[in-house]
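Asks: Chains P and C, in that order, give the protein sequences.
Read in order, the letters of the first sequence are residues 1 to 334 in our numbering.
Read in order, the letters of the second sequence are residues 1 to 334 in our numbering.
It should be emphasised that the hints constitute simulated quantities derived from the structure, not laboratory data.
Be a bit skeptical, because a hint or two may be false.
Which copy is meant is left open, because identical chains are indistinguishable; a pair holds if it fits in one copy or across any two.
What the hints assert, rightly or not - Derived DSSO-like pairs (lysine-lysine); straight-line CA-CA distance at most 27 Å:
id: 1; residue 1: K147; residue 2: K251
id: 2; residue 1: K26; residue 2: K251
id: 3; residue 1: K251; residue 2: K3
id: 4; residue 1: K147; residue 2: K3
id: 5; residue 1: K147; residue 2: K26
id: 6; residue 1: K26; residue 2: K290
id: 7; residue 1: K251; residue 2: K2
id: 8; residue 1: K26; residue 2: K2
id: 9; residue 1: K46; residue 2: K251
id: 10; residue 1: K180; residue 2: K3
id: 11; residue 1: K2; residue 2: K147
id: 12; residue 1: K180; residue 2: K2
id: 13; residue 1: K290; residue 2: K3
id: 14; residue 1: K46; residue 2: K3
id: 15; residue 1: K46; residue 2: K7
id: 16; residue 1: K7; residue 2: K147
id: 17; residue 1: K290; residue 2: K180
id: 18; residue 1: K7; residue 2: K251
id: 19; residue 1: K147; residue 2: K46
id: 20; residue 1: K46; residue 2: K2
id: 21; residue 1: K2; residue 2: K290
id: 22; residue 1: K7; residue 2: K180
Note that the coordinates shown come from a computational prediction; the quantities given were computed from them, not determined experimentally.
2 protein chains.
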Amino acid sequence: MKKFLNKAEDFVDEMLDGIYAAHPDKLRFVADDRRCLVTARPVSGKVGLVTGGGSGHLPLFLGYVGTGLLDGAAVGGVFQSPSADQAFEVTRAADQGAGVLYIYGNYTGDILTFDMAAEMADAEGIRVLSLVGNDDVASSPAGEEHKRRGVAGILFIYKAAGAAAAEGMNLDEVLRVAEKARANTRTMGVALSSCIVPEVGRATFSIGESDMEIGMGIHGEPGIRRGPLRPADEVVDEMLGPILGELSLAKGDSVAVLMNGLGGTPQEELYILYRRVAGVLAERGVSVRKTYVGEFATSMEMAGFSISIMRLDDELARLVAAQADSPFFAQHQG
Amino acid sequence: MKKFLNKAEDFVDEMLDGIYAAHPDKLRFVADDRRCLVTARPVSGKVGLVTGGGSGHLPLFLGYVGTGLLDGAAVGGVFQSPSADQAFEVTRAADQGAGVLYIYGNYTGDILTFDMAAEMADAEGIRVLSLVGNDDVASSPAGEEHKRRGVAGILFIYKAAGAAAAEGMNLDEVLRVAEKARANTRTMGVALSSCIVPEVGRATFSIGESDMEIGMGIHGEPGIRRGPLRPADEVVDEMLGPILGELSLAKGDSVAVLMNGLGGTPQEELYILYRRVAGVLAERGVSVRKTYVGEFATSMEMAGFSISIMRLDDELARLVAAQADSPFFAQHQG
Chain P
1 MKKFLNKAED FVDEMLDGIY AAHPDKLRFV ADDRRCLVTA RPVSGKVGLV TGGGSGHLPL
61 FLGYVGTGLL DGAAVGGVFQ SPSADQAFEV TRAADQGAGV LYIYGNYTGD ILTFDMAAEM
121 ADAEGIRVLS LVGNDDVASS PAGEEHKRRG VAGILFIYKA AGAAAAEGMN LDEVLRVAEK
181 ARANTRTMGV ALSSCIVPEV GRATFSIGES DMEIGMGIHG EPGIRRGPLR PADEVVDEML
241 GPILGELSLA KGDSVAVLMN GLGGTPQEEL YILYRRVAGV LAERGVSVRK TYVGEFATSM
301 EMAGFSISIM RLDDELARLV AAQADSPFFA QHQG
Chain C
1 MKKFLNKAED FVDEMLDGIY AAHPDKLRFV ADDRRCLVTA RPVSGKVGLV TGGGSGHLPL
61 FLGYVGTGLL DGAAVGGVFQ SPSADQAFEV TRAADQGAGV LYIYGNYTGD ILTFDMAAEM
121 ADAEGIRVLS LVGNDDVASS PAGEEHKRRG VAGILFIYKA AGAAAAEGMN LDEVLRVAEK
181 ARANTRTMGV ALSSCIVPEV GRATFSIGES DMEIGMGIHG EPGIRRGPLR PADEVVDEML
241 GPILGELSLA KGDSVAVLMN GLGGTPQEEL YILYRRVAGV LAERGVSVRK TYVGEFATSM
301 EMAGFSISIM RLDDELARLV AAQADSPFFA QHQG
């Protein structure tokens, strides 16, 4: 294991110390627990948005706490769920009198955590609704969306719901927007190499020197096909098939696209891959109104990438384009 | 070689096609040559800022073309200089009547390119000044700064000069600011693994399974010491020594810090490393007014990082804090 760290067991807490040291004007923690991360710039009367999940995916999850985005994140160990107590403490801080929406990925531990936190919040009179991200088309067939993993496409839900809450929508309206973003978003990933969990100290899985695994999850969950790495354009075509099929995109439709590096893949390659995505969408007459290329949901040093596409209506297009500001994700209006 | 690409010889041009496809409202090219990249939002009457250099370092160099930043970049092959003709065409487009400042790294090929381009511009009546970045303290001893390589710290020069030009300073003033930023910036890097140049197809250098190389350049130029990887805090301490020594930072001083990942190092580790940087600076009574943590100057998939520190006066602090907007680097005021 070749990582910059001190002790493996301090990996997450020292990372968090670094984050608070770097961004004291934007992020802070509550309940005397650095894993209860909240915005340092709460907005009174706004619907609170809370997420959480395991560490090892920066900027996911905590990186989307910021203006026009989320209000808090409960931070777990590497690939581990945070506790219900932590999620509850974040909820209390995020509640600004208008209730709280949970948006998190479809993993058993996280569901348990947030369901219990919601009960604790209810007992305190805080209204909480929940939405579980499940954008990974490779993780279960169509028709079984409730079994699918949540991966990078959750960014689109954060962005749309975050902008909706910033506009002053109420809790039910923000949930409606989040559900619409989810219903219109699909993701597929591919991995070339494994990550290493610091406390484990060796690769989570092995993969042949010239192989790729299509459909792999961001913790190394098995994909749908392993085989020799193909030219970039062919890899993109194989991944776009199910995404475009499920979204039934047709001429005149508008989309936002997220080309997400999993950690070890250089940005140069992401742009080579995006070139093909743009070409295929242009051929179909689909208009790309917003493009993100970079690292948005990683698996530490894993090489690979994912493509997420969200079909836009006018409302989603407006919300995606809205200004946002976190230390990990800043955009100007437009 | 395990990379997402089509043909190795198309690596740079397909990357550029992807970049133009992704950001058509912000970037375009001139002279019918996609390697002559300029902003799509030129500002009439503003001093033009131009950079350039080899590909393989995204977001460097072209990623800093944007509002409040640079106006154009001449793009070379992977680790190769662009041509003088390309730099000249970018210069013509960047000139908005107030002259052009070149800011680029201290590499022989780039110096030849930009010196020749400056002559061509002069022949057309465009006033051009030049500043060569040389922030890498590991590449030559103090007193021989003119022999040092330019690495990640050039971001601070771009940011300060870009904001100065956006404020309306004239060419001589922008050069003064850029010189001040350079004089107050130092960088040191460390590598854990090599990158692979696509057309070469194998690692540029090899390094032991548990070794690091302190002071290595972003093309794999030899560093100053190779040895076993040490705990993160010790690595930071070794790197901060020369940086803090040369900047003679004392109690009450203010700085900006750039923790730059070289490509293969996860953001989690950068924050663990930053934790120590912040601790050492706090101990010395040095105040950090701006912190950047992420990938700003890479070497494709190379694992490693660099620390850059710029000592701030009030003017540099104001310029660093100014709004900026490129597809690769966006920040709100503050």
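Asks: If a hint holds in the structure, say so; if it does not, say that too.
Replies: So, going through the hints one by one against the coordinates:
1. K147 with K251: Intra 30 Å, inter 56 Å, cutoff 27 Å: neither.
2. K26 with K251: Classified as between: cross-chain Cα gap 25 Å, same-chain 42 Å, threshold 27 Å.
3. K251 with K3: Neither, since 47 Å and 32 Å both go past 27 Å.
4. K147 with K3: This pair counts as neither: shortest intra-copy Cα distance 34 Å, inter-copy 31 Å.
5. K147 with K26: neither (35 Å within a copy, 39 Å between copies)
6. K26 with K290: both (26 Å within a copy, 12 Å between copies)
7. K251 with K2: neither (48 Å within a copy, 35 Å between copies)
8. K26 with K2: Neither, since 31 Å and 38 Å both go past 27 Å.
9. K46 with K251: neither (37 Å within a copy, 41 Å between copies)
10. K180 with K3: Intra 40 Å, inter 35 Å, cutoff 27 Å: neither.
11. K2 with K147: neither (35 Å within a copy, 32 Å between copies)
12. K180 with K2: neither (42 Å within a copy, 37 Å between copies)
13. K290 with K3: Between copies, since 26 Å is at most 27 Å while 35 Å is not.
14. K46 with K3: neither (40 Å within a copy, 45 Å between copies)
15. K46 with K7: Neither, since 40 Å and 51 Å both go past 27 Å.
16. K7 with K147: Neither. Shortest intra-copy (36 Å) and inter-copy (38 Å) distances fail the 27 Å Cα cut-off.
17. K290 with K180: Answer is within; shortest intra-copy Cα gap is 17 Å, inter-copy 37 Å.
18. K7 with K251: Answer is neither; intra-copy 54 Å and inter-copy 31 Å both fail.
19. K147 with K46: neither (31 Å within a copy, 55 Å between copies)
20. K46 with K2: Answer is neither; intra-copy 44 Å and inter-copy 47 Å both fail.
21. K2 with K290: neither (37 Å within a copy, 29 Å between copies)
22. K7 with K180: Cα proximity of K7 and K180: none, with 43 Å in one copy and 39 Å across.
In terms of the numbered hints stated before, the structure departs from hints 1, 3, 4, 5, 7, 8, 9, 10, 11, 12, 14, 15, 16, 18, 19, 20, 21 and 22, listed from lowest to highest.
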